[in-house]
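Q: Following the hints, position chain B against chain A.
For the protein sequence lines, the chains are A and B, in the order given.
Those letters in the first sequence? Residues -4 to 508, by my numbering.
Those letters in the second sequence? Residues -4 to 508, by my numbering.
These aren't lab readings, by the way, just hints derived from the structure by calculation.
The structure presented is a predicted model; accordingly, all values stated were derived computationally and were not measured.
Which copy is meant is left open, because identical chains are indistinguishable; a pair holds if it fits in one copy or across any two.
For lysine to aspartate or glutamate, the following EDC-like pairs were computed, each having C-alpha atoms within a straight-line distance of at most 16 Å:
1. Lys45 to Glu9
2. Lys45 to Glu5
3. Lys146 to Glu364
There are 2 protein chains.
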Amino acid sequence: MTETFQLLQEAFAEICDLQSASAVLQWDQETYMPPGGCNARAEAVAAVEKTAHARLVSDDLARLLDQAERWAQAQGPDSFAFAFTRAARREQERARKLAPQLVTELAKATALASDAWRVARHNSDFPAFAPHLERVMALSRRKAEALAVGKRPYDSLLDIYEPDARTTDLEDVFRALRRGLVPLVREIMARRDAVSDAVLHVPCDENLQVKFCRTVTKHLGYDFERGRQDLSTHPFTTSFSVNDVRITTRTLKDYWPAGLYGSIHECGHALYAQGIAPEFDRTPLNGGASLGVDESQSRLWENLVARGRPFCTWILRVLRERFPDQFSRCQAEELYRAVNKAGPSLIRVEADEVTYNLHVLLRFELEAELVEGRLRVSEAPEAWNSKMTEYLGVRPPDDANGILQDIHWSAGLIGYFPTYALGNIMSAQFFAQARHDLPGLDGTIRNGDFAVLRGWLKDNIHRHGRSYTAAELLKKVTGRALDAEPFLDYLRAKYSELYGFKAAAPVAVRLAR
Amino acid sequence: MTETFQLLQEAFAEICDLQSASAVLQWDQETYMPPGGCNARAEAVAAVEKTAHARLVSDDLARLLDQAERWAQAQGPDSFAFAFTRAARREQERARKLAPQLVTELAKATALASDAWRVARHNSDFPAFAPHLERVMALSRRKAEALAVGKRPYDSLLDIYEPDARTTDLEDVFRALRRGLVPLVREIMARRDAVSDAVLHVPCDENLQVKFCRTVTKHLGYDFERGRQDLSTHPFTTSFSVNDVRITTRTLKDYWPAGLYGSIHECGHALYAQGIAPEFDRTPLNGGASLGVDESQSRLWENLVARGRPFCTWILRVLRERFPDQFSRCQAEELYRAVNKAGPSLIRVEADEVTYNLHVLLRFELEAELVEGRLRVSEAPEAWNSKMTEYLGVRPPDDANGILQDIHWSAGLIGYFPTYALGNIMSAQFFAQARHDLPGLDGTIRNGDFAVLRGWLKDNIHRHGRSYTAAELLKKVTGRALDAEPFLDYLRAKYSELYGFKAAAPVAVRLAR
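Just chain A, with the same shape it has in the complex (with noise of 0.2 Å):
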């Protein structure tokens, strides 16, 4: 049998070169590729596709899995031939209920429908993008119905990002967070001048920053031998093999932030890659457990980490060295107070760690609604500014800051945004076992020592790769389910505390559990 299950992993390994294979092609698109190279690398990358989708539909793979999938099991459920049966049967199936049509279908309605997104985003027109949304919200219908995960219409969608999470336990976890986060928005919001963000509009040289950013990046544990950091219009994390991980970061010459956070952020990521046990290379496995999981990893350094005053004193050191006509007057505390700065917003890639949820939830709540026929499309944008105000206390003053800011609906990604807001929750509820753990964790990080939760990271989370689902591995690693309190717990103390106002949740208590 073990001849077999070789036989898979050979059949598998080829699969995931030419994913690899396709994911550099992206990259080089993102960061290096001339304009002429355009309609030549959609071909190429539709190509590489292409094949590597008929593998793994294939009848002979089929076989080979069907023959190999019991003996797998019965070498037990922290075996690699379990685990990686698990995550081979899941990719091939999904892939398999999907019919060819179908995905063509989604192909040229996504694509239209991002032109028209563009143009009705630019223009401020929903009507103009209403049929396209229409369109990708019936044939996610027919997708979910092909995928056919779960109970209802939105469960099939979900489980693409998040393996085996379900709408309605979302429901009830993002319901809590709801009510958490609502009351410390308008606290927040009645003392919004109380905190200065000054200190993060100051401009500073741009090819200063990108080497200011490599250091830090490289500081945090980001192993530039197997992997690089380049710039690129929207910053991200693509992993072309356990050991050639790379990020990307854009830069703004008069907001400094937007640089490092976002480098912290992909770093984030790409640690997480990076860590993943080697010998998952060229297997299903390797890979984040969901996208909520590796959300969690991006978010925790973003924002447990390097908004926290540890990392503060840290990185005004560095800033001072890097550029000491801006920082060299700046205080820690000051910078602390102004990297956190919060306030309702109406661009979601703009808000804060607190406000940030609530603009996640509002789009869960939409799609599901849209797409299990809850909600009409034209009546699409009156519910997304009711929410606005029922949870931000703003309405948008037009579509373009409001349904059609985003580009995840014309692109046919119904089932991805809660990932954000699970990324948020299981980061706090990790952290909040990693500072368990390691009794000393704030003053490692207060001397730029990254490597004590860096380890943690790894043996607990990076290391396994997509061994387990995200509820497994949240079980595994803090002995809970996922949890919006955690997460509620460090926001109220945090901003409480910034904005002088008294938390409406016993924080102490909570916090020590």
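A: Just chain B now, kept in the frame of chain A:
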């Protein structure tokens, strides 16, 4: 029938897409890939190339090609369909003739040989490399038998790189070339010190050199909207599409011509690749007619243009702007003489344009003898050294500076060397024709206006891509067959004047013809 041809085109388009994907992976490997990415990259390239190869040798493609071929031939030799199916047939036939087992054996043998070569060169230990060379030659003989082109074993190997060229014809042309070159080298050697190249050995900041090189290639007409120029250890040109053609450069702080002339050389290749008719993209016609024709374009720009007086006048102006400290007192004539200093040397890649071809001829003669069984591997070092003495008047002190200097044989590239000499010969034939057709050419070059020459090259050579063989193209453009005399005439006229000797042949008469 047009429908069958349409299907054939689509099938080849996907093969080209996969080949393009592989080229991107290799470009990244040479430019930006971190060291850790090495193993995964080898697997990804192999997976993509294996897929492209499988498509190329498939029975489905063979059927389409069989069905379309007669119809295409009826369209006439200047039709797209004719050229397409001829190039497609050539590519497909070569792939089908090579049994997978032989390809695998060759891949393994050359991988081992390349490793062994590196060590052997380092230790100047030919006996350690000899068994690997034996094996490569034995497999190359089998490869030649399988390909079964022409009458001699070497014909099959030559045909891979120089379609339709035959060994015996080359021997004739190369004999004439050698008979012209050897006395010319003796004349130069007798007056070695007549030319100084001191101005080439002035230190120049490498970042400025890179910018300078980009300015020059842009001026020559390399389109940065459809290409880019990066750094790599070994400069090369690669094409992912007519609209994405990339070049690389290396610079040496203390020898600026390495960067400049290397850039111009690659730019020559790139202008060819960017100048191919856009409708040849994603077809087997997107490429150079042969490696020889490709090399004729790089050498035409590098030597016939950029080592000429008009170019030296122009480039000195740019050098003075970019490096005033180094070049403010340099005169155009001094620069012209310096970049044309010639003389025998041991290493091919460092040779000047006079001696270079003798290095190549020696390799061609030896590899033909080795593969055709007229020379034993054990005798090869002595054969090398005595030919060096005979042709160039120098004898390598050891094999590291002799037979072990090139990577080609260890990589299985038998039949490749002669294309370098063919490129030089053809470059002179093409340039003589361009001079004839463009009376004011020197003046335009002196003014840094390269559009006239580039336009001529594009119209006459570049746009045709792989539609014609080298012989057909030469005939079409110059009305002549391959002929070493224009190249010899060019060298005799130039170097007799530079070194102050009487040219051996009636130069004026020959140039007029």
